[in-house]
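Peer 1: Listed here are the chains, written in short residue letters.
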Amino acid sequence: MATILAINNLTKKFGRLTAVNQLSLTIESGQIYGILGPNGSGKTTTLGMILDVVAPASGDYHWFENTPNEEARKKIGSILESPGFYPYLTAVQNLRITAHIKQCGTDRINEALKQVNLFDRKDDKFKTYSLGMKQRLSIAAALLSNPPVLILDEPTNGLDPEGIAEVRELITQVAQQGKTIIMASHLLDEVQKVCTHFCVLRKGIKIHEGLVKDTLEEINKVEISADFDQEQLYNILYDFEGSEDVSTNGSGLLVTLKPGFNSREINQHCFTNGVTLKRLSTQTNTLEKEFLKILKEHD
Amino acid sequence: MIDAIKLEWLKVRNYRVFWILMGMYLLALTVIAAGGVFFLEWIKSLGTDFNGIDPTIIPIYDFPDIWQNMTYLGSFAKILLAFVVIISVNNDVTYNTLRQNIIDGISKRRYLLGKLMFIIALATISTLYLFFTGMITGSIYSHVWEARFIFDKLEFLAAYFFDIVVYCSLAFLLSLVIKKAGFVIVLLFLYTLMFEPIVGAILTNAPIFRDTIWSELVAFFPIQALNNLITVPFGRYIFMEIQDHIPLKTIAIAAGWLLIYLTIIITILTKRDMK
Numbered sequence: 001m002a003t004i005l006a007i008n009n010l011t012k013k014f015g016r017l018t019a020v021n022q023l024s025l026t027i028e029s030g031q032i033y034g035i036l037g038p039n040g041s042g043k044t045t046t047l048g049m050i051l052d053v054v055a056p057a058s059g060d061y062h063w064f065e066n067t068p069n070e071e072a073r074k075k076i077g078s079i080l081e082s083p084g085f086y087p088y089l090t091a092v093q094n095l096r097i098t099a100h101i102k103q104c105g106t107d108r109i110n111e112a113l114k115q116v117n118l119f120d121r122k123d124d125k126f127k128t129y130s131l132g133m134k135q136r137l138s139i140a141a142a143l144l145s146n147p148p149v150l151i152l153d154e155p156t157n158g159l160d161p162e163g164i165a166e167v168r169e170l171i172t173q174v175a176q177q178g179k180t181i182i183m184a185s186h187l188l189d190e191v192q193k194v195c196t197h198f199c200v201l202r203k204g205i206k207i208h209e210g211l212v213k214d215t216l217e218e219i220n221k222v223e224i225s226a227d228f229d230q231e232q233l234y235n236i237l238y239d240f241e242g243s244e245d246v247s248t249n250g251s252g253l254l255v256t257l258k259p260g261f262n263s264r265e266i267n268q269h270c271f272t273n274g275v276t277l278k279r280l281s282t283q284t285n286t287l288e289k290e291f292l293k294i295l296k297e298h299d
Numbered sequence: 300m301i302d303a304i305k306l307e308w309l310k311v312r313n314y315r316v317f318w319i320l321m322g323m324y325l326l327a328l329t330v331i332a333a334g335g336v337f338f339l340e341w342i343k344s345l346g347t348d349f350n351g352i353d354p355t356i357i358p359i360y361d362f363p364d365i366w367q368n369m370t371y372l373g374s375f376a377k378i379l380l381a382f383v384v385i386i387s388v389n390n391d392v393t394y395n396t397l398r399q400n401i402i403d404g405i406s407k408r409r410y411l412l413g414k415l416m417f418i419i420a421l422a423t424i425s426t427l428y429l430f431f432t433g434m435i436t437g438s439i440y441s442h443v444w445e446a447r448f449i450f451d452k453l454e455f456l457a458a459y460f461f462d463i464v465v466y467c468s469l470a471f472l473l474s475l476v477i478k479k480a481g482f483v484i485v486l487l488f489l490y491t492l493m494f495e496p497i498v499g500a501i502l503t504n505a506p507i508f509r510d511t512i513w514s515e516l517v518a519f520f521p522i523q524a525l526n527n528l529i530t531v532p533f534g535r536y537i538f539m540e541i542q543d544h545i546p547l548k549t550i551a552i553a554a555g556w557l558l559i560y561l562t563i564i565i566t567i568l569t570k571r572d573m574k
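Going line by line, the protein sequences match chains F and X.
No gaps in the numbering here: position 35 of the first sequence is 35 in our numbering, and each next residue is one more.
Numbers given in our numbering equal positions in the second sequence, counted from 1, plus 299.
Treat the hints as calculated values from the structure; they're not laboratory data.
Source: prediction; values computed, not measured.
Residues from chain F that face chain X, not an exhaustive set, calculated with beta carbons under 7 Å: (1) Ala55; (2) Ser82; (3) Leu89; (4) Arg96; (5) Lys102.
Don't be surprised by glycine CBs; every beta carbon is placed ideally from N, CA and C.
Throw the hints in and build the complete structure from the sequences for me.
Peer 2: Structure follows, in structure tokens:
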């Protein structure tokens with residue numbers, strides 16, 4: 001697999017604050033890589049550095065195994081929080097500038113505008129556009145050169161539900177074409193839905209990196225309740241060979257299972273011990289829970 | 300090179316403010332540089348005379364003197380051209396398009412090159428325009444019409460071109476440092492026409508500075524350095540000695556400033572975080 005981006009010990013300081021601290025990442029072709037973190041954790045600064053608009057204090061990065069940076073950027077479509085367009089130019093005139101810089105020819109402009117539903121307004125000035133339309137034009141600009149890599153910074157910020165759905169749809173579409181996507185977001189649900197890989201930043205430090213799939217597979221907690229004496233039920237569950245830990249959880253009990261056991265076996269165990277369960281629910285792990293756990297571990 | 304200038308062309312081609320400013324500039328240039336006869340008529344109507352000489356017979360549009368006279372007067376209009384540069388750079392800063400251009404795939408050097416080419420294009424247009432205006436005005440008023448006079452002293456047009464390039468580069472630098480276009484325009488206007496001339500006059504004429512190293516410094520001031528390329532030519536009509544050539548020293552000082560401006564610009568572009 002070809003390496004798309006290699007970041008080595010990238011650091012950025014704003015005065016006394018270290019916004020990004022010794023960050024190293026490698027992103028391979030075809031990955032959909034989510035950079036997670038609370039607000040102010042250095043996500044946007046990192047994207048700014050790899051796009052050459054924020055000057056790093058130290059460290060370096062390489063695109064496409066040492067392609068010169070500005071040449072590499074021509075092959076990257078970027079959708080950032082504040083898109084830069086000339087308000088006095090129309091959508092088509094703005095995209096001509098993008099096409100000129102990306103050296104990709106102007107013949108795809110109409111197609112790109114149709115793709116984001118702006119074709120009817122193509123000859124209206126950018127300043128007459130609504131926020132959603134502006135965001136859509138920046139998507140059109142990013143897709144104009146049909147780039148192999150897409151960078152998204154909080155792609156759904158400020159969009160209405162319909163817009164959010166459209167952007168998600170687009171990310172999935174683009175991902176199916178085998179393109180590489182790097183996105184920063186604080187919306188975990190979003191990352192969970194579309195990303196294959198993720199890392200977590202906190203105060204500029206990478207505190208976790210992994211596959212989204214692996215994180216979601218760690219399902220090992222079961223919530224249980226029954227019309228039965230709580231203490232006796234506790235003992236029955238405690239005796240179960242697959243129980244790692246049992247704790248009270250509101251009106252019910254929460255069982256942490258050892259690896260290799262599942263809810264079916266616990267049900268069986270209870271039934272043989274004369275307990276009919278009223279509720280048995282497997283807690284699915286979400287990225288949100290995992291994320292909060294990771295943050296807590298590094299507090 | 301062509302790509303760099305084309306980018307700037309795409310930015311201004313459909314920009315009405317640009318065309319209005321350019322129109323105003325060329326109009327002002329025409330009036331200032333070629334309206335001398337009307338000015339002299341006006342002086343005459345006021346009753347002024349120069350030791351009994353009728354002002355309207357002063358041959359300001361005779362070849363080759365016309366070139367120094369017109370470029371001297373025309374260079375006053377360059378401040379309007381600087382406004383075009385200020386607005387062009389300021390747009391890129393305030394609309395975030397400088398950042399967008401870089402993200403889309405040009406280097407910061409390339410951006411600088413584009414703006415420099417834009418300035419050179421403006422200076423070329425202005426110089427050619429002044430040349431043709433001079434030819435037309437000269438064909439009407441000049442008492443001589445021979446190639447060896449017409450094409451003499453054309454170095455003043457080259458100096459005029461250089462003057463605009465350096466001055467507009469200063470405007471480029473200022474609009475990168477100060478992000479408010481209106482403020483840059485006022486500042487550049489006041490500095491060019493008031494601050495530096497006043498300080499210069501004090502250093503040259505005040506008794507405590509006169510004939511000291513301080514008065515020598517005036518020639519190195521950024522605006523004075525440009526003004527010294529083409530100095531007031533009208534003394535010749537009252538038999539005073541004038542600087543009727545372009546001294547190498549003034550070219551060197553102006554070139555020094557250009558180098559300084561470009562160096563600071565590239566440093567700012569490289570070091571500044573664009574958010």
